[in-house]
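Peer 1: So you can see what is in the structure, the chains are spelled out below.
Number of protein chains: 6
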Amino acid sequence: MRGFYIGRFQPYHNGHHRMVEEIASEVDELVLGIGSAGDSHTPRNPFTAGERVMMVTKSVVDMDITTYAVPIEDLERNSVWVSHVQSMSPAFDVAYSNNPLVIQLFSEAGVEVRQSPMFNRDVLEGAELRERMIRGGNWESLVPAPVVDVVDEIDGIERIQRVSDTDATGDESDDPE
Amino acid sequence: MRGFYIGRFQPYHNGHHRMVEEIASEVDELVLGIGSAGDSHTPRNPFTAGERVMMVTKSVVDMDITTYAVPIEDLERNSVWVSHVQSMSPAFDVAYSNNPLVIQLFSEAGVEVRQSPMFNRDVLEGAELRERMIRGGNWESLVPAPVVDVVDEIDGIERIQRVSDTDATGDESDDPE
Amino acid sequence: MRGFYIGRFQPYHNGHHRMVEEIASEVDELVLGIGSAGDSHTPRNPFTAGERVMMVTKSVVDMDITTYAVPIEDLERNSVWVSHVQSMSPAFDVAYSNNPLVIQLFSEAGVEVRQSPMFNRDVLEGAELRERMIRGGNWESLVPAPVVDVVDEIDGIERIQRVSDTDATGDESDDPE
Amino acid sequence: MRGFYIGRFQPYHNGHHRMVEEIASEVDELVLGIGSAGDSHTPRNPFTAGERVMMVTKSVVDMDITTYAVPIEDLERNSVWVSHVQSMSPAFDVAYSNNPLVIQLFSEAGVEVRQSPMFNRDVLEGAELRERMIRGGNWESLVPAPVVDVVDEIDGIERIQRVSDTDATGDESDDPE
Amino acid sequence: MRGFYIGRFQPYHNGHHRMVEEIASEVDELVLGIGSAGDSHTPRNPFTAGERVMMVTKSVVDMDITTYAVPIEDLERNSVWVSHVQSMSPAFDVAYSNNPLVIQLFSEAGVEVRQSPMFNRDVLEGAELRERMIRGGNWESLVPAPVVDVVDEIDGIERIQRVSDTDATGDESDDPE
Amino acid sequence: MRGFYIGRFQPYHNGHHRMVEEIASEVDELVLGIGSAGDSHTPRNPFTAGERVMMVTKSVVDMDITTYAVPIEDLERNSVWVSHVQSMSPAFDVAYSNNPLVIQLFSEAGVEVRQSPMFNRDVLEGAELRERMIRGGNWESLVPAPVVDVVDEIDGIERIQRVSDTDATGDESDDPE
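Chains as they are written, first to last, in the working numbering: chain B, 1 to 177; chain S, 1 to 177; chain E, 1 to 177; chain L, 1 to 177; chain W, 1 to 177; chain A, 1 to 177.
Since the hints were derived computationally from the structure, they do not count as laboratory data. A portion of the hints provided could be inaccurate.
Copies of the same chain are indistinguishable here, so a pair counts whether it falls within one copy or spans any two.
With a cut-off of at most 20 Å between alpha-carbon atoms, the simulated DMTMM-like pairs for lysine to aspartate or glutamate come out as follows [stated by the list, open to error]:
id	residue 1	residue 2
1	K58	E29
2	K58	D28
3	K58	E140
4	K58	D93
5	K58	D165
For reference, chain B alone in the conformation it holds in the complex (with noise of 0.2 Å):
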């Protein structure tokens, strides 16, 4: 039996893990979707696919199951969303998602999905975590030691701040793109 859960791990962080965790006692081997993998660099989305793939495979290294970290690149058309990640990750029987959009799709072509309403998930937003990196306040303790690691390895804190700033001369510049 082997579950698929995806997002987009704009850190991995706790509530990613204890999603995991309660997906790893339903399931001999889950597959993580890494989502937006073309993404980075940007106050939502600041860390390539490598880098997540980092932060998942070393976070769940412990753990019981058989786990595969998927990079998945964003087509931007649902309608072939699912036989996408099908085709990019090793045959799964259930999906995991709070997403609306993707227990939608996943419904409309026959796919399992489950959902978790379990966690309190308020502090553990991606966007509340994003924030806290950005302002310099108390991030590490939102995710696992390992992801830690990584963000300080790859000096993902002095990127976000960077990349989330106005015209680094104070000015609000001309944006190039």
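Given chain B, work out where chains S, E, L, W and A should sit, using these hints.
Peer 2: Frame of chain B; chains S, E, L, W and A shown alone:
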């Protein structure tokens, strides 16, 4: 004389239908271009191109003029938009639109474009219609009967309500993409 | 009961037409998917999607069943091809094809697909037909009359002959792309 | 010593020109990268790449240094952005930018990047300039004279006013895309 | 010390495995990049990225070093290829390849790349292997046992034979795309 | 009067230069479109757009007319090709080409296109030139002197020889993409 009228038709509604009836008095044949053909399953674009082909085709079947329903993908490149729709459509002599961008692009390309001020479109706004579908209001009176049939057949109300949801568990979910 | 039949239709010819007539005896409605919709102006794909919509629509206008002519762009991703054509087309119950890749993809997706051995298609090969157009041979007898009209109207023979040329000056030209 | 300076140049204005004059004192040659090359006909990006090549080229023609105006398409993938601009441009030694994202990407790639705080850019903001064009205010004084000529030649004011409109009939139109 | 080795792995075979075993003696961790991730269902690329992730992962599971199997999509832009694989992969110190293009791209980017002449690879050519699968020859002896299991589980031989066919009816079919 | 001349310029050679000299007698300004801008590092397209901008710019610097070197990406959609090059280029009055496809596309769009039979181009074929570069033959005499400088500066001969190789170890390598 062939006319061209493009819209997203999410879904095809009475405002569109009156525009088509007005155009039908001026042309022999009409191409209905279904724009953003690749978009679906979002609050603003809930239906696939194929579903919209059904809605349009069944709504205009009894008209005297010959009609074509042609999905047109977004190339996201305004400078080639006119060439693109011309390549996807049977050749047309005049375009109909109230959209400023469309009017400007056709004008720059030397294609005749006609506008139509005649309709009070507030209630017939696609946004208003989709809002009623989401809220469970009276949407059926805003569309031709065949559109009601198609939407019911594809469980369209359920779909637009679900993809408009925040987290299905009530929390704001971690967006996977 | 709705059928689906996809081809490039470059151009729509008598072999296609016999396939359509055979299918028409088994379904109530038929979707003709016009593949490689974005390709044109090459020896193998001389006509635009819009031109092919014209050829198909005018050739099947007198048939008893309801038909739809729908251009379908290449996504160049076989693993999502079935989902893609399903999103671009009115829902269909059975697909018709003699193409091995198409048959395999529909089969893997659990969509019923029917093949048709009944036609001697040598002379009706699209390649043979285009070769005659290029050489100035008798091509008109290989296509329905409406197709002859459309091709003449768009100066299609001149186009396919020119784009099949080596350098217009007789030398092999420096290919700009 | 060759410098690189990228902007959207919608349009090229006096703020850009002063940046170029400052850079010209530090390099022998300068590449002006015209970003978002594929975007046009919107309120924020009204002009095509070709039109911007004209504006830039004619505005810098009398400078002592050799300049290149090179359109650069968006790949929408920050992780390869530096490699992309390097492949589209003559090789450069130093980049100039005040944009935080650009500065971060060049820094991570080990390319020297210089910032410039010296200009009061409020009035020279591209957004302010486009706003004046839309409102019919005094925009000519914010750009080099050759840019006025190019904009007039292409009916640029008419274009940006029209694409900034709501529905040309006064109603909010049904957006076709 | 982390190494990087990219291949299409269509499928993963003994030649690949010996390369991996050789690399394993030189690094602590190894990333196996699965190239052309978006390609499948063709004679040259029969298996999806997900299926290849399975083949690779199960074949290297008993090795001492930590391995990552990462699908990498084609961007079809050689000038950004190195940046792209670096963004999709955990950071690596050395790349392994015998492919001239890959070697040249890594060299130009200043990434250390090692080649390996040690293997007689004639029989281990992916092309030879796929040819045997198509002809019904002995392919199982050319791949690790787990790969045989995966191929059998997905009916891979049936798939590659079918998509390698000419027309299923024996005639050369009209290619829909 | 502005002319437009597009080629891949891989690399810019004496045949191109004579065409440019001939065109220069008929126009006041000339745009040199550098086609397939995104392609590089292959035997047929060894140089990046930026490298080709250098070759072209330095070769025409002493001409009397004003010239623009503009990279143009492939959209792989012939039906919008003319609109695309027009959006990327300063407005031009006449195009120059000997390529049948280019001539046909400009003709259909109503753009004046002129051909040129005057040159014996056998030795000046891009293919012949690249073949000599690969074999180590005399290529320098086929290109303007500035092109020799640029190619030497970027180690262009080494690059084209390496990417034209079979496996660097002498075996045919497993193509990663």
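Peer 1: Cα distance capped at 20 Å. Does K58 pair with E140 within a copy, between copies, both, or neither?
Peer 2: Within one copy only: 16 Å inside a chain, 34 Å across chains, cut-off 20 Å.
Peer 1: I want to check one pair: K58 and D28. Are their C-alpha atoms no more than 20 Å apart within a copy, between two copies, both, or neither?
Peer 2: For K58 and D28, the Cα distance is within 20 Å both inside one copy (19 Å) and across copies (15 Å).
Peer 1: Within a copy, between copies, both or neither: where do K58 and D93 come within 20 Å Cα-Cα?
Peer 2: Between. Shortest inter-copy distance 18 Å satisfies the 20 Å Cα cut-off; intra-copy 24 Å does not.
Peer 1: Have a look at K58 and D165 and pick one of within, between, both or neither, based on CA distance no larger than 20 Å.
Peer 2: neither (30 Å within a copy, 33 Å between copies)
Peer 1: At most 20 Å between CA atoms: does that hold for K58 and E29 within a copy, between copies, both, or neither?
Peer 2: Intra 16 Å, inter 12 Å, cutoff 20 Å: intra and inter.
Hint 5 from the list above is the single one not met by this structure.
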